[in-house]
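From just these sequences and the hints, can you work out the full model?
Protein chains in written order, with my numbering: chain W, 1 to 423; chain H, 1 to 318.
By construction, these hints were calculated from the structure, which means they are not laboratory data. Every residue gets a Cβ at the ideal spot worked out from N, C-alpha and C, and that includes glycine. Honestly, I wouldn't trust all of these hints.
Here are some, though not all, of the chain H residues that point toward chain W, as calculated from beta-carbon distances under 8 Å [as the list claims (entries may be wrong)]:
no., residue
1, Thr97
2, Leu99
3, Pro206
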Amino acid sequence: MNIHIAGGRVIDPASGLDAQQDVYVSGADVAAIGKPPSGFRAERTIEASGLIVCPGLVDIAVRLREPGLEHRATLESEAAAAVAGGVTSLACPPDTDPPLDEPGLVEMLKYRARSLNLVHVYPIGALTQGLLGRKLTEMSQLADAGCVAFSQGDAPLPDPQMLLRSLQYASTVNYPVWLRPQEPSLASGGVAHDGEVATRLGLAAIPTVAETAAVSTILLLARETSARVHLCRLSSTEGVEMVRQAKADGLRVSCDISINHLHLTDVDIGDFESNCNLIPPLRSRRDLQALRAGLADGTIDAICSDHTPVDDDDKQLPFGEAAAGAIGLELLLPLTIKWAEEAGVPLVKALARLTSAPADLLGVAGGRLEPGASADLCIFDPTHTWRVDRERLRSQGHNTPFAGHQLKGKVLHTMVGGHIVYE
Amino acid sequence: MNQHPQLDSTGRLTHLLSIEGLPREIVVDILDTARSFVSVAERDIKKVPLLRGKSVFNLFFEPSTRTRTTFEIAAKRLSADVINLNVGASSQSKGETLLDTVANLSAMHADMFVVRHSQSGAPNLIARHVAPNIHVINAGDGRHAHPTQALLDMFTIRHYKKEFPGLRVAIVGDILHSRVARSQIHALTTLGVAEVRVIAPATLLPADVSRLGVHVFTDMVTGLKGADVVIMLRLQNERMTGELLPSAQEYFKNYGLTSEKLAHADPQAIVMHPGPMNRGVEIDSSVADGLQSVILPQVTFGIAVRMAVMSILAGGQP
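This is how it looks when you write it as structure tokens:
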């Protein structure tokens, strides 16, 4: 179908384009931006004046809960939530049941995603078999099946030796290793940041040093092995500073943070709000400010939703017993806009953290709006204000710490490969 | 969602979950009310009809003898029907969720839940989900709070010291794991004592504890200097096995309350302990049984304070 997107403010962070332009989609691809290609006859025109047209968002941490955890979510439910949030590509961590440690599981997931034909799904394979940290997975075969990187999810590696071997092997097959930095022995049993809030509420704590000790070890071993390392979900001032320094030293390292850590602190736990039980824990205001600064100066490469659907039975429990995590696919864009406004960051720069940068981290196409690229687009109203109603979010999980918040930015159309998948 | 966890819209106490956030007037009202209940225990007929026809469920997800018993006695002296449920042994082990258990008991027309749970915040969760006419009393949750213990401690302090302003109070021991210490700190700062001190080795101190308004000491003798009230905390056996402390003996050497150490406090200082005591670990018998000890009166006052809390929640006066 030929689609003419007329009069929108087109933002393509990769090229720096931010101007009122018309976009012409022909078949699966973007045919032209600005002037129509010769002979272009639109079968549909989307009136986009006052709206922003940008590449579809690339969310690098989305738990689809398949296989094995379908009581929490399914590919269908979460793909619908993704496109409602303007997300056209997503990467899913391997912490399913069983974990994504065999090519057959990955192929099945890819097949299911293709049949659904809503959103591009890029599995992140398990780094070790069963995520148990004992034996390496068949990374080459997993990559052939569709994995774009390898990770332990939130499961720990038992010791630096296993980490070293994992990095050596992954660098041999030339795939990046994604690690959430946390020294397990320093975090054991903890559920909240080691500060005044945890002390007042009597919650077992996870100190910042649990993160920095792990970042330190990972960076040293990355240097040793030349492996490509991506650090997932940084949470602390000191963690960001270590990455900033490593990048300045020329190390090939990248990192991300979740939208939760961009807006919330441990104070938001309030009266034991279990939707604020997150991994890593919400930390202090000082940490929040450091994460925001790191995002603005490029130390932090990408923002992700860290979308984690949890059923009510596992969430409506005392804080320390509640399953950790929050959903976020439909909040990713408005919460990024909120940060950009509060921090005075131009939208084109903010959207880079949701589009081109995460696509580059995954090493996949997408995240770009240019002639010849696949027509994966998001069209949103940047001024539309709406109230987060947990029952009206499309994810099967309703666990969000942002319920009741007023947010600005509403996705009106999402297009994947030239097909309108949401409006 | 943003309503106060334990006060209703008119500012009346509807649940007792924590001392933190309670207005001073409510704390004082509980202490004043408790004073009138002390005399009830001294009568021949130790009963008042304030909670007649009401059902109080003692919902203990964690074993306890003393606290449960004092709540039971308190409720019975108020003429309530008391149902004791040792939930740890029944429904939880069958996989029933906490909220399901509470919903089932609510269907039996409970009026009040007295809750003890190993998880911090469990009573808060229950309070958020019960019908508006049901009251929840926290009888100790995880490391978070033990408000009735702190209130009976305040009652004891007021009984012996009359006034709170001017007092220097030292709390000694495992602050990190102690819900009692947290509630005591909030109660003491709410009542406006001159100084609250906590004394413990660094392994038993929570992060940023000074933000609760206390002075932190790792040396006991320095911390005890001039103290008017010395509160010793129980040291759980599992804390003495090597990771946090090398041994019970070494703990006693540095943090056990002996007559020698107590001599650094004010000569009129009182010694308190929430019980049960580990003699020879955190307190020497000569001090526990000595003239300055008010440990047994604490237990007696505990019943009156719990009667006060229950009657205020139920809306009656003695």
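Worksheet item: What hint numbers does the structure not satisfy?
Response: none
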